[in-house]
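Colleague: Top to bottom, those sequences are chains D and X. Going letter by letter, the first sequence gives residues 819 to 1094 in this note's numbering. Going letter by letter, the second sequence gives residues 1233 to 1517 in this note's numbering.
I should point out that these hints are in silico values taken from the structure, not numbers from a laboratory. Accuracy of the hints is not assured; some may be wrong.
Residues of chain D placed beyond 12 Å of chain X at every Cβ, according to the derived structure [stated by the list, open to error]:
{"#": "1", "residue": "T854"}
{"#": "2", "residue": "T870"}
{"#": "3", "residue": "F883"}
{"#": "4", "residue": "V891"}
{"#": "5", "residue": "G993"}
{"#": "6", "residue": "T1009"}
{"#": "7", "residue": "N1036"}
{"#": "8", "residue": "G1063"}
Restraint-style ranges between C-beta atoms, simulated for each label pair [to be verified]:
{"#": "9", "chain 1": "D", "residue 1": "G864", "chain 2": "X", "residue 2": "A1506", "range": "15 to 25 Å"}
{"#": "10", "chain 1": "X", "residue 1": "H1429", "chain 2": "D", "residue 2": "T875", "range": "52 to 62 Å"}
{"#": "11", "chain 1": "X", "residue 1": "Y1240", "chain 2": "D", "residue 2": "T875", "range": "50 to 60 Å"}
{"#": "12", "chain 1": "X", "residue 1": "R1327", "chain 2": "D", "residue 2": "L926", "range": "34 to 44 Å"}
{"#": "13", "chain 1": "X", "residue 1": "L1370", "chain 2": "D", "residue 2": "L838", "range": "10 to 20 Å"}
{"#": "14", "chain 1": "D", "residue 1": "G864", "chain 2": "X", "residue 2": "V1507", "range": "40 to 50 Å"}
{"#": "15", "chain 1": "X", "residue 1": "P1289", "chain 2": "D", "residue 2": "A859", "range": "33 to 43 Å"}
Per the computed footprint, the stretches of chain D lying under chain X, defined by three or more beta-carbons under 8 Å from a beta-carbon of chain X, are [to be verified]:
{"#": "16", "stretch": "843–850"}
{"#": "17", "stretch": "906–919"}
{"#": "18", "stretch": "939–952"}
{"#": "19", "stretch": "961–973"}
{"#": "20", "stretch": "1018–1028"}
{"#": "21", "stretch": "1047–1061"}
The structure displayed is predicted, hence computed values, not measured ones. We put the beta carbon where it would ideally sit given N, CA and C, even for glycine.
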Amino acid sequence: VRIRRWTGILKQPVLWVITLLALFPIYFMLVTSLKTPEDYAANHFGLPAHPTLSNFTEALGGSKFIIWFGNSVLLTVGSVLASCLIAMLAAFALAKLNVPGAGFWYNLMTVLMVIPPVVMVIPLFQFMVNIGLINSYQGVILIYTGLLLPFSIFLLTNFFREVPDSLLEAAAIDGATTFKSLVEIILPLSTPAFVTLVIVNALWVWNELLISVVFLQNDMMKTLMVGLTVFQSRYTLNIPATMAGLVIATIPILVLYIGGQKFFIEGLTAGANKGE
Amino acid sequence: LRTSVTGYLFLLPAIVVLVIVFLYPIVQIIRYSFSTYQMGTWSFVGFQNYRIMLHDPIFLRAFRDNFELLLVVPVLTVVGVFLAILLYERGRFWRTHRFAVFLPYILAIPVVGIIFGYLFQYNGVINEAFRTIGLGALAIDWLGNPKYSMTTLMLVIFWKELGFAVVLFLARLLSVPAELYEAARLDGAGWWRMHWHVSVPQLKRVITFYVIIEMITMMSWVFGYVYVMTGGGPANSTMVAELYIYQTAFQFNNPGLASAVGVALLIVSGVFVAVQFLLNRGDSR
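In isolation and in its complexed conformation, chain D is listed as follows (with noise of 0.2 Å):
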């Protein structure tokens, strides 16, 4: 009984403990970037004296930031649309068109989905100079797009399986082409896993550095993610231009984040209940 109460007694302390543990730097970013530099060396840990914007606009004019924000969000629509349009068709095939070797590629999928980016980065680099697409957004939305599909792939077949075959039938007897029940049938009833895919995918590319570092070094074409990294060494010491930065690159990914909560927690969930 004595012990039970302890663990009763400790929980919630130990909550709130993980809980500070994991918002503290997000919130040493969030009031450094409202601080000037004269109050940020007064003060490192509190809310800011004087709240101020200027690190904002700072960050925004003074260096081509908005270039590179812009960069980021073509990548993202881009690869994004692509790859849930090529997963999409090569879903339905595995799912509902009886291809031979179905069961094959879906295993290749879980296969690729772990091979690490870096081993193509050396011949896909060769390849994009030979072809000229180096410092391309085609080049690099290529090769977001197949990064992409193993998991796109992998989690439209599941759900497009759980569309019930009756259904598919019966449109065809309407007379319906396969890719009019494609359309109007499977697409209307996937929209949670679209949702999820989208959401999972754009923090993907979002967030991704190796590729851009690699494939995108002119400093026009840079995305956000490089950007940050080379406006982090310009502004050593100012520290709240640098955060600013940082809160601006992050604002998209809280938007997605918080609009699709429950979306993207299925994606990210959905490898581990579909094991086989």
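Keeping the supplied structure of chain D fixed, place chain X upon it in accordance with the hints.
Modeller: Structure of chain X alone, referenced to chain D:
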């Protein structure tokens, strides 16, 4: 026949992209690993790159560091299970706690790396806090001293990856039938025993999944942390395979050697996948 032709037409775009992004590079990197690149042409050199690789202390250091990072996985798993169980009881503010713990997981690694880079500076915020509360002895040079840099890196990775474990395990626990817990309670099991005999067995499958995912993360998904926080230093103390490959190929212009290391990394990942398949198979039997 018609359906299979249509089927492959639907698969075709995916196959084309996967061939370009996965198959072609994997074939090529194996060829590169037996070649050397000079003046714009590749020439065959047999196992030379592999020999150089195995005698390069920095390569050995890189793989040792990756394996050292694997030590974070059991800690993540145990703490994750523990926190998931605490949250499962849905005490006050459990949603707030879940949100807070998961937040680090969605942040970008470069963002996390830059924030912690400042926090862990020798005269940074964390040491200042230690000095203020009279624990100045704990104010070490977290990232600047090769003795501590790996531990600091592990702390940061732990901070970021923990939320995934908690959310994953909690989602599983919430789908466990409540009767199992009631039965255990009726048998008079205490808190620890109940969760040891009910929650942990129910989590076995997701734990396996999580451990595999995290092992792969530690081997081949930590580039961002070291690139931003340490650049592999000081004195190569935080060199990892990915950074070694990147630097060797793109900064030291030795793509042949980098490819050999890439193949080594590929083999290690392959072993992990094989283990996963075997574990899953044993599980479903």
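Colleague: For each hint, tell me whether it holds in the structure or not.
Modeller: Quick rundown of the hints versus the structure:
no.: 1; hint: T854; verdict: holds, 17 Å
no.: 2; hint: T870; verdict: holds, 19 Å
no.: 3; hint: F883; verdict: holds, 14 Å
no.: 4; hint: V891; verdict: holds, 14 Å
no.: 5; hint: G993; verdict: holds, 15 Å
no.: 6; hint: T1009; verdict: holds, 20 Å
no.: 7; hint: N1036; verdict: holds, 15 Å
no.: 8; hint: G1063; verdict: violated, 9 Å
no.: 9; hint: D:G864 to X:A1506: 15 to 25 Å; verdict: violated, 53 Å
no.: 10; hint: X:H1429 to D:T875: 52 to 62 Å; verdict: holds, 59 Å
no.: 11; hint: X:Y1240 to D:T875: 50 to 60 Å; verdict: holds, 55 Å
no.: 12; hint: X:R1327 to D:L926: 34 to 44 Å; verdict: holds, 38 Å
no.: 13; hint: X:L1370 to D:L838: 10 to 20 Å; verdict: holds, 18 Å
no.: 14; hint: D:G864 to X:V1507: 40 to 50 Å; verdict: holds, 49 Å
no.: 15; hint: X:P1289 to D:A859: 33 to 43 Å; verdict: holds, 42 Å
no.: 16; hint: 843–850; verdict: holds (count 4)
no.: 17; hint: 906–919; verdict: holds (count 9)
no.: 18; hint: 939–952; verdict: holds (count 7)
no.: 19; hint: 961–973; verdict: holds (count 7)
no.: 20; hint: 1018–1028; verdict: holds (count 5)
no.: 21; hint: 1047–1061; verdict: holds (count 5)
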